[in-house]
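Colleague: Sequence order for the protein chains is A and B. Using our numbering, read the first sequence as starting at 3 and increasing by one per residue. Using our numbering, read the second sequence as starting at 3 and increasing by one per residue.
Check each hint, because a few of them may be wrong.
Copies of the same chain look alike in the list, so a pair counts if it fits in one copy or across any two.
As the list claims (entries may be wrong) - For lysine to aspartate or glutamate, the following EDC-like pairs were computed, each having C-alpha atoms within a straight-line distance of at most 20 angstroms:
| # | residue 1 | residue 2 |
| --- | --- | --- |
| 1 | K798 | D597 |
| 2 | K726 | D812 |
| 3 | K78 | D256 |
| 4 | K603 | E565 |
| 5 | K195 | D490 |
| 6 | K732 | E164 |
| 7 | K665 | D794 |
| 8 | K663 | D645 |
| 9 | K488 | D271 |
| 10 | K798 | E667 |
| 11 | K726 | D805 |
| 12 | K191 | E569 |
| 13 | K860 | E847 |
| 14 | K827 | D768 |
| 15 | K370 | D534 |
| 16 | K613 | E689 |
| 17 | K798 | E689 |
| 18 | K827 | E769 |
| 19 | K603 | E428 |
| 20 | K663 | E644 |
| 21 | K646 | D89 |
| 22 | K707 | E741 |
| 23 | K665 | D490 |
| 24 | K78 | E21 |
Quick caveat, the hints were computed from the structure, so don't treat them as lab data.
One-letter residues, chain by chain:
2 protein chains.
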Amino acid sequence: MAAKYVYFFGNGQAEGRAEMKNLLGGKGANLAEMTSIGLPVPPGFTITTEVCTEFYKNDRQYPASLKAEVEANLRKVEELMGRKFGDAENPLLVSVRSGARASMPGMMDTILNLGLNDITVQGIIRQANDSRFAYDAYRRFVQMYSDVVMGMDKHALEHLLEQKKEARGVHLDTELTADDWKELVGDFKAKIKETLGQSFPEDPQEQLWGAVGAVFGSWMNQRAITYRKLNSIPADWGTAVNVQSMVFGNMGNDCATGVAFTRDPSTGDNYFYGEYLVNAQGEDVVAGIRTPQPINKANGDSGLPSMEEVMPECYTQLVKIRSILENHYKDMQDIEFTIEKDKLFMLQTRNGKRTARAAVKVAVDMMKEGLIDEKTAVLRVAPSQLDQLLHPSLDPKAPRNVIAKGLPASPGAVSGEVVFTADEAEAAAKLGLKVILVRVETSPEDIHGMHAAQGILTARGGMTSHAAVVARGMGKCCVAGCGDIKVDYANECFATNGGTVLKKGDIITLDGSTGEVMVGEVPTVAPQLTGDFGILMGWVDKFRTLKVRTNADTPHDSKVAREFGAEGIGLCRTEHMFFDADRIAAVREMILSSDVEGRKKALTKILPMQKGDFLGIFREMKDLPVTIRLLDPPLHEFLPHEDKDIEELAKTMGVSVQALKSKVEFLHEFNPMLGHRGCRLGITFPEIYDMQVQAIMEAACELVKNEGFTIVPEIMIPLIATVKELKVLKNNAVAVCEEVIGRYGVKIEYLIGTMIELPRAALTADEIAAEAEFFSFGTNDLTQTTFGLSRDDSGKFLPFYVDSGILEEDPFVSLDQNGVGQLVKMGCEKGRATRAKIKLGICGEHGGDPSSVIFCHKIGLDYVSCSPFRVPIARLAAAHAALGEAVDLTK
Amino acid sequence: MAAKYVYFFGNGQAEGRAEMKNLLGGKGANLAEMTSIGLPVPPGFTITTEVCTEFYKNDRQYPASLKAEVEANLRKVEELMGRKFGDAENPLLVSVRSGARASMPGMMDTILNLGLNDITVQGIIRQANDSRFAYDAYRRFVQMYSDVVMGMDKHALEHLLEQKKEARGVHLDTELTADDWKELVGDFKAKIKETLGQSFPEDPQEQLWGAVGAVFGSWMNQRAITYRKLNSIPADWGTAVNVQSMVFGNMGNDCATGVAFTRDPSTGDNYFYGEYLVNAQGEDVVAGIRTPQPINKANGDSGLPSMEEVMPECYTQLVKIRSILENHYKDMQDIEFTIEKDKLFMLQTRNGKRTARAAVKVAVDMMKEGLIDEKTAVLRVAPSQLDQLLHPSLDPKAPRNVIAKGLPASPGAVSGEVVFTADEAEAAAKLGLKVILVRVETSPEDIHGMHAAQGILTARGGMTSHAAVVARGMGKCCVAGCGDIKVDYANECFATNGGTVLKKGDIITLDGSTGEVMVGEVPTVAPQLTGDFGILMGWVDKFRTLKVRTNADTPHDSKVAREFGAEGIGLCRTEHMFFDADRIAAVREMILSSDVEGRKKALTKILPMQKGDFLGIFREMKDLPVTIRLLDPPLHEFLPHEDKDIEELAKTMGVSVQALKSKVEFLHEFNPMLGHRGCRLGITFPEIYDMQVQAIMEAACELVKNEGFTIVPEIMIPLIATVKELKVLKNNAVAVCEEVIGRYGVKIEYLIGTMIELPRAALTADEIAAEAEFFSFGTNDLTQTTFGLSRDDSGKFLPFYVDSGILEEDPFVSLDQNGVGQLVKMGCEKGRATRAKIKLGICGEHGGDPSSVIFCHKIGLDYVSCSPFRVPIARLAAAHAALGEAVDLTK
């Protein structure tokens, strides 16, 4: 039996359902669903994603049975509409749109008004009784089709349009007449023939298949590939094609088109949020060419009449539909509608993209409204999205030099240098510069620049313009439709109404929550973690089983992390403490000593300072576990390397330049990453680790004795490759611990464990667990050694690897589950085989990456540890993992 | 039932057997065996190695039943000897010696004449009718016992002896009288009491248990630990203690003592080889204090009477015993004997240590004599030993300035700087210097220096002196007993009889096969691989199943390797070819090009030279497989780094210094080992690999087409971490190969495979095998990444790791089977799971290390590949592996 490739929808009946997104794409599935629940949807049909997959598998050939299926479904649409495709009298026009499983705004191409030619346009004129409308629709179709399907440079046709307006002495498209448009259709076709050497197709069937091919073709265009890469969408998902009968929002002033969200996608507030344009096609709203009007007063007073006032009946119907959709989908919806001659049609519904703030608020509100339960609420917020909430906002007390105000399109508070092109933004970001991309409006070609920029400022376009939608998806700060500014690309500057001129390279600050644009850098304050966020995180903590600790080296970081919900410290690095201005001299004295006695003398000076560090950290983490890693980096990191600095230091230290230089040379390493560091220092210079262990234990004993703390210090020995190293160092540490405990006369437990950060440690974890009381997987170094890849040196080829798909993701960002993950899993299993109750955690930066956290949950770690600002993300990811959800739900 | 801790031997009856070496130690087992086969062995008993193990397990306490067992066995010895231990009239004296499972020459301590005190010495005087002998024995006992058991500084007693000789106006010990010795015994005891605060024990029981304790104690002394480490002997094997009734070689001129080998241990020649001393104790022969006499004329004419002449009856008896022992043990024996009043006693037999040359000759001869079969002959030669035979000997045509001649104690031809202490030798070796250790005589304290030196030259001592025995064991060149030289430690020089004076740091050459000492460095020639060596290797190849290839980058190396029996090339590195003076300019031009076109232009210049390389190698390896690795090192290795060199190169290349400097800086890497190298170069600069593949295939096609070769080139892509890298590069390579094949119009197969040298490659070998047609385990890099250990940087701590036992062996020398080996095994299993017939080999330097080769055989590799000079070692190791022998048989 042949596969079914086409699914029909129309007149309250549909072959598809909302659950069939994988097959029909998001748009197709929802058109079917809306049809089924009785919403007014223009009839049409969906060509499945399987066809796309087959298409690419079979060298861009369609399945044999597709043509007949499309024919049959087109007949059904014709019957329902009472029109015929290509008919001279009563022609059916259709739209052809893409619709992938995951929503990909702006990525895919759309053709409207398909079916128009010199004959059918006459039928439209007669039906609409409006030749200007008919020829406007026709010229739009020719423009769109020639661009998207035929590969015509669209500027050539726009140039003809400009010439026409000049010839007519007018400025606006709306001032052109039916005849002007008719002439332009002829001019366009002639130009296309001249440029491409082929005629614009007159046959509606040829038009239809050309458009279908273009939709499938656009699945593999560079923009789509980029978007998929940024959003981790597999290429083999494919896109569906939706062919739907046209309805027109631009057939007169009783027509309109609009987009809306059932709640505010920026704040999550529960009011009907949206924009519309009278006498316009949908593309006019999204493209940001005309500034749209609000659908109601709740959207703020723009000075323009709202839909509620202008079209009260349609508005009332739309409000009902809003309620039906939210009750049906149990989630905030993003809808598109068109009004043709006072009749409302729904063109799309989908789960609305939203900011992190909105995601949290909508989830908490819907739970309170009884629409969803706590679990669903938790699953509604993507862990990666939380990042937006965990970053600073503008300090309300700081002075602001506001020079312009636009729409608060995507929240955040960012500063950076002004740039005017996406390429500049990308180039600057590669140099580590922070930039704000300033554009008249953005288009899909700008995506890489938007990604690279800190924030986006546009002069035109509304809350649902390309810039706004994409920025919210990316979690980027965006101020859109800022009519106060005039962008001058040629001179690389923009001017405000107030007369301020800002050039490329000038610093500005954007506030995406207010729409304010400020000159210079405005200071920021820490995020607020109360309210809805606090409520949601409360539910999160009910469901997760994985503990979340933090990587913190100072009392301040410890405090911040605790506020973010950290349940202890998983990694306290001690080397940063060595760099303090008041102790680096003693550290260097230690390194330059040629014997144990000299080193011990210098270490004696460092001891009280180290002890002070640990006192501070233990106090902040009162009664929570703290894992302290002993010195890890090679000693040469503490010495200068440039001749000038060496000479200076030699003077300060009272040693000869030559002696210092030869020490620096002696300590030089070809591959410091694989050199004399970690526990290898502890083996060759036991006095260093002894001092550190003494400092840890004295701090702990003091707090236990004098302040009644309960502390179980976890002493972590880095870079273990063999159990014998750990045996030697554990013996040394135990001796120091027991001495200190005896001296203080307190009762205190302590654990001695190790990082598992070398492949050999994972491979022999069964042996190592005989000595280690805990393991912490150091997945940064483990990734470096497993891949044979230096993080510091990978910049020259790793981006190319990710761009070209050799690596799906940067393995330093998201744990390579397939390779490095095998070692982590092996380490866990072997460790537990020897010591059933061994404590297992991860302290690489992957501990704050959602998919890595889910992996850690699955293989049964006890905790993850990450930077303070990522603790809530890890908590949420852990809850998702526990709830059995391994996918990012906003995708 | 209590364990049996003591085994008796005497009067033709013994409780032990030769096979009980693990329990009784080598010496004890062979004393028992010799007793059983009717040889004249003084009766005694062996305390088992289990007691040693128990002793260390139980905090240096003996098992409870030991005392009674020793008592009972002592009674049996007393009965057989008709003497009583501690008896005033007819006292039994015993020796107490160690005897471990593996022979450890000079490592363990021995006590002779135990049982003597002021009372029993009177009994000995009466029995021997020689008070001088008795007091000499007594003073020797006091010296030995106080040194070994009581920890007395032996020089203090020697000083008293010197004083006595001075007081008596004599030079030699032999000139002292009985009264002198008697007085000295008193002086010694007084000095001991004065120094140690404890009396010398008079009670023979106390003496006995003190000596037993000292033997066990010496198992853990530093010398023993060092020897075990050098020879990979586990500490828990323990030593046995042999208590045996004394016989005396120093009771007059009808007494003697000697050591002999049943064949020449240096050449393997089949004659009775040995030395003896009249009127001496055994220690006098081994210590090298008196130069011994040959046992027969076959040992050369030393001008001194041989045992054959002086003691013909005993000699005849000894010749019979030689024959009995070889027929019994089927191996060359190392024996010790003593003649007391014309009566021969056997004190020891063991398999004799021998040079590689002797090992080969003895094995081949014994096979021919019908004593052993081919398998046994193959197993008789340790693979690691072969190294000695595979190195150069002195060029017979080169002029030699011979300044002295000593005994040819251990063969080899080496040159180096003269040093006079073991510590100097070790320090110099660490700096990479070649040194010759020159000593009056060596002692166990010198072992580390002997190990570090290229060769050893001693002024005193015979062919069985400490220096000679240890050097042969180590495979070190040694000239011993070179009476032509006078060593002056104080002035750090030695003078020859001819008047030449050589200072520390002067270069000398030793020929261990002739005993010649030459000034300066004498050139060497390649080893001969014919004769017995060829016969043995023929048997070797019958038994082994593992193939042996070579690592060779030039036609010359390929030729040498083929002569050594290589069955193909397992690793042909192409980077060395890039350094040739006539092509480095083109290589640099390629690196400095900023675009593909520039690089391609430069590569076009390199192509014909690369093709020439491969033509030469293919010709040498006619019809054998050749695996060629594409470019591996990072590009910066081909550029200079010093300012001066950069300036010079800039001038030559006609580029600006600044441009060249910034390129060098741009290419700089923090961890080049983990950087932009291997296949990462092939991914980012595909034109480089394309050129190399083209050169390989053009060379192969040319030989197939014009010279009728059968070639299956194996193209190896290095540093693969993910299958996708290999997929991309394989596609590129296949395209180039097909183009070349098409162009030449020949039929030729080729394989594309990869190195497995990163942990991730081993972990995902199942995926990689989908693309790879062969795997070659690059265990050098795999060891670096698995351990996180840079070979170039490990010198600062790795020696300490090995010295302190944290690592048993340097993992770059012998494959870390426990860690890295897991990945190799995993790679094999996963690779074969995907592609059952995948070709598997190893090309790290471990391919020439015997224990690693045996590992490779066990896990089922198809071949190992090693440097040309190690090919025979690998072949022999592979035969041992196939014969099921995983242990080094000379141990």
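Colleague: Does the structure break any of the earlier hints, and which numbers would those be?
Modeller: Violated: hints 3, 4, 5, 6, 9, 12, 19, 21, 23 and 24.
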